[in-house]
Structure formats: structure tokens, C-alpha cells
Amino acid sequence: MMPLLEFSPIDCYFGRFLKEVSGEERKEFLLICSLVSRLTRDGHICLDLEEIANTSLSLPDGPFRLPSLDKLRDILLRNSTVGLPGEFKPLILDGNNRLYLYRYWWYEDRLARYLAEKSKEEEEISPILRGSWETRLRKYLPP
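Numbering (the working numbering), first residue to last: 48 to 190.
I should point out that these hints are in silico values taken from the structure, not numbers from a laboratory.
Below, computed lysine-lysine pairings styled on DSSO-like, alpha-carbon distance capped at 27 angstroms: (1) Lys118 with Lys66; (2) Lys186 with Lys167; (3) Lys186 with Lys165; (4) Lys136 with Lys66; (5) Lys74 with Lys118; (6) Lys118 with Lys136; (7) Lys136 with Lys74.
What follows is a set of in silico ranges between Cβ atoms, one per label pair, in the way DEER data are often shown: (8) Arg73 with Lys165: 40 to 46 angstroms; (9) Glu164 with Arg112: 42 to 48 angstroms; (10) Ser103 with Phe135: 32 to 38 angstroms; (11) Pro110 with Trp153: 32 to 38 angstroms.
Using N, Cα and C, we set each Cβ at its ideal position, and we do this for glycine too.
The whole structure should be built from the sequences, with the hints applied where relevant.
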């Protein structure tokens with residue numbers, strides 16, 4: 048079981064707001080929304096659903112078991128506040144089972160596009176600099 052999860056008032060408000068706007072009744076949705084808010088405040092860019100699927104969360108009112116990855120994806124994708132990459136929705140669920148606040152998905156997408164464009168440019172880079180550059184990218188952007 049994960050350590051006791053403590054959500055700030057803003058995390059709880061965010062979860063309740065999306066739950067209310069979408070008309071969603073499932074507790075799983077409320078928890079996932081609150082958790083993505085908390086992780087973002089903690090400096091993470093997204094919530095990896097594979098890490099939380101089939102786990103028990105330790106909450107102040109007792110443990111709560113999250114469903115399988117397929118069930119989590121189904122809950123999210125059926126919700127009107129969750130979109131796929133390229134859509135304009137509060138939450139974005141990508142093909143790698145990562146859930147983002149829209150703004151952070153957009154930042155990551157924009158950076159990836161910029162790097163892809165830069166990599167196409169014909170510039171002479173010394174082998175020493177190229178190795179250093181590739182090492183740094185792997186450190187911050189693992190496969």
C-alpha cells in the first residue's frame with residue numbers, strides 16, 4: 048500500500064470540480080484528478096497510470112483499491128473532461144498511459160516538436176559535443 052496520501056485543498060477542489068462538471072460519480076475519477084493535481088504541485092509533469100493501477104491508496108478515511116489499467120483508461124476516456132493528445136480538454140491521456148493537465152501536456156508536446164525540428168537541421172556537431180548532448184537528453188528524457 049502507498050503511504051498516506053494527503054491532498055491540499057486545491058487538489059480536492061480540482062477533483063471535485065472536474066467530477067461535478069463532467070457528472071462523473073466514480074470515486075476513482077475524483078481520486079485520479081486530485082492525484083494528478085498533487086503530483087503537478089510536487090513537480091511532476093504527469094501521472095503514470097501504470098504505476099497506480101491495481102494499487103491500494105492509503106487515504107485518511109481508509110484504504111482504497113484502484114482498478115486495473117484498462118478500467119482506469121476506460122473511466123478516463125469516457126469522461127468529457129479527458130481528451131487525447133491534440134484535443135483541448137482539462138486532462139490529456141496519451142498513448143503511454145500518462146495523464147496530464149492540459150497545460151503540461153502542451154508544454155511537453157511543444158518541446159518535443161521543437162527538438163524534432165532542431166534534430167533535422169544540418170549542423171556540424173563535434174563527436175564530443177554530440178555524445179554529451181545525447182547523454183544529457185537521455186538523463187532528462189528517458190525512453
